[in-house]
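Residue numbers (our numbering), protein chains in the order written: chain A, 1 to 147; chain B, 148 to 271.
Keep in mind that the hints were calculated from the coordinates and are not lab data. Warning: the hint list may mix true and false statements.
Derived lysine-lysine pairs resembling DSBU-like cross-links, with alpha carbons at most 35 Å apart [claimed, not checked]:
{"hint": "1", "chain 1": "B", "residue 1": "K202", "chain 2": "B", "residue 2": "K152"}
{"hint": "2", "chain 1": "B", "residue 1": "K252", "chain 2": "A", "residue 2": "K110"}
{"hint": "3", "chain 1": "B", "residue 1": "K255", "chain 2": "A", "residue 2": "K71"}
{"hint": "4", "chain 1": "A", "residue 1": "K110", "chain 2": "B", "residue 2": "K202"}
{"hint": "5", "chain 1": "A", "residue 1": "K71", "chain 2": "B", "residue 2": "K152"}
{"hint": "6", "chain 1": "B", "residue 1": "K255", "chain 2": "A", "residue 2": "K110"}
{"hint": "7", "chain 1": "B", "residue 1": "K202", "chain 2": "A", "residue 2": "K32"}
{"hint": "8", "chain 1": "B", "residue 1": "K252", "chain 2": "B", "residue 2": "K152"}
The chain contents come next:
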Amino acid sequence: MAQSGISEGGKGAVRATGHCLCGAIEIEIRGKLRDVVVCHCGQCRRQHGAPPSYTSAPWSNVTVRGEKNLKWYQSSAQARRGFCRLCGSSLFWEPVGEGRVAIAAGCLEKPTGLRTVRHIFVAEKADFDEITDGLEQLPHSMAAVTA
Amino acid sequence: MSGRKTTGGCLCGGVRYEIDGPLAPPSACHCGQCRRYHGALGLYTLAPSERYKIKGDRNLAWFESSPGIRRGFCRVCGSKLFWERIGSGQLDVTMGSIDPPSGLKIVKHIHLEDAGDYYDPPSR
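Next comes chain B alone, as it looks inside the complex (with noise of 0.2 Å):
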């Protein structure tokens, strides 16, 4: 896995991303926050932002969505990518801007008891 690098970005391709390494196992978040963001579950992999190149850094906006978190967006296409725990020294990605094929599969689903009431979450 050392040699892996995994490339993504934005709808429109203002910004653009590399992650050399390995990523972290992918979660679904159901939470109101996520839903209401992403207008659908938040699916994020994880690594250290130390191992993040981003092009396009201009057409990246931040939004402090609760205190010490803020999310990361494409100004111009409104593509969602990043999540991140200010001084965590992590940068969570959003499973749909990776360049498919992602390699990964999603192993577990978090704040089930904020999910929406249009869809069943899963049992898991």
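Just chain A, same shape as in the assembly (with noise of 0.2 Å):
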């Protein structure tokens, strides 16, 4: 099935490439990517098994091979999660109606070329989980932070 959004990715040098543990869904990025957030909050938690580091593009830039392994579950109103219906990785979460996709940073190919920058939803932090890397930390989203 068809999933919305997933383009033949945009114009420019590829800026990254990655894949799930199985390899069964490959990833290419040109253009940007935004540096990695970490989110904190009990959904990813969850879904992760920790808390998740993500960066992001906007869908346009993002070429996905192997889409009909890649499962979605609607996590919210407001986003879905996209991961391997074969070896369960986590690569994508989608904001609704925002046009782009925050790509988990584990599947990407070293070097990343990325930093991170923040820690989100500390209010919903763990009690296993200490952060002590001195960066950012914003108790809730990062409503001004963009693709």
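Both chains are sitting in their own frames, so use the hints and assemble them into the complex.
Here you go:
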């Protein structure tokens, strides 16, 4: 089934490539990638099993191969999460109607050229989750920070 | 600790578990497999398999990520739940799937040599 929002990629040089653990899904991103943000919200924690690190890009700059293996789970009215149905790898978090997708930094090939810049939803942080890197911490979302 | 019971599950509720008794001190794995699979570090604790009760088994999918190692996730919502060395009699469970509070602290970081380049790994 076709997934709305998935394009054949934008123009310009490939900025980054990545794939899920089993390799059934490959991604390619052109243009800029946002700095990495770590989310400590309860939904992310359960779905990833740990606080995830996400970069972000406009959908129009992202190419997905092996899309038939990409399964989406609507985790709230605002967003859905994309993972590989074969190996379970988390790849995407997509906010509805923004035309962009957050991409799990862990799936990208090194060197990523990315840096982690902040932690969000720190108010929901679990008891085992210690932040020791001295980066900015926001209690909730980062509405002002966009792709 | 002997009376302790831990509960947890996936984001959609399709898989739930209970673990009787104490849990091993959790670790944070920085290896490329964990980072690719979780989109995060692999944060796991551990208990003998026979102390687990798992509900919603039909929603639990297993992926053999290397010979003799398999990872369990919910096929409905993609939540990462288990890591198992097949035949070891033990089952690792993700810290993030545990109903809070876990009462646990991460005590060690492993596979730092394979850490991502988008963060500064802890020195310990």
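Tested hints:
no. : hint            : verdict
1   : B/K202 / B/K152 : holds (15 Å)
2   : B/K252 / A/K110 : holds (30 Å)
3   : B/K255 / A/K71  : holds (33 Å)
4   : A/K110 / B/K202 : violated (38 Å)
5   : A/K71 / B/K152  : holds (33 Å)
6   : B/K255 / A/K110 : holds (24 Å)
7   : B/K202 / A/K32  : violated (43 Å)
8   : B/K252 / B/K152 : holds (17 Å)
Hints 4 and 7, counting from the list given before, are not met by this structure.
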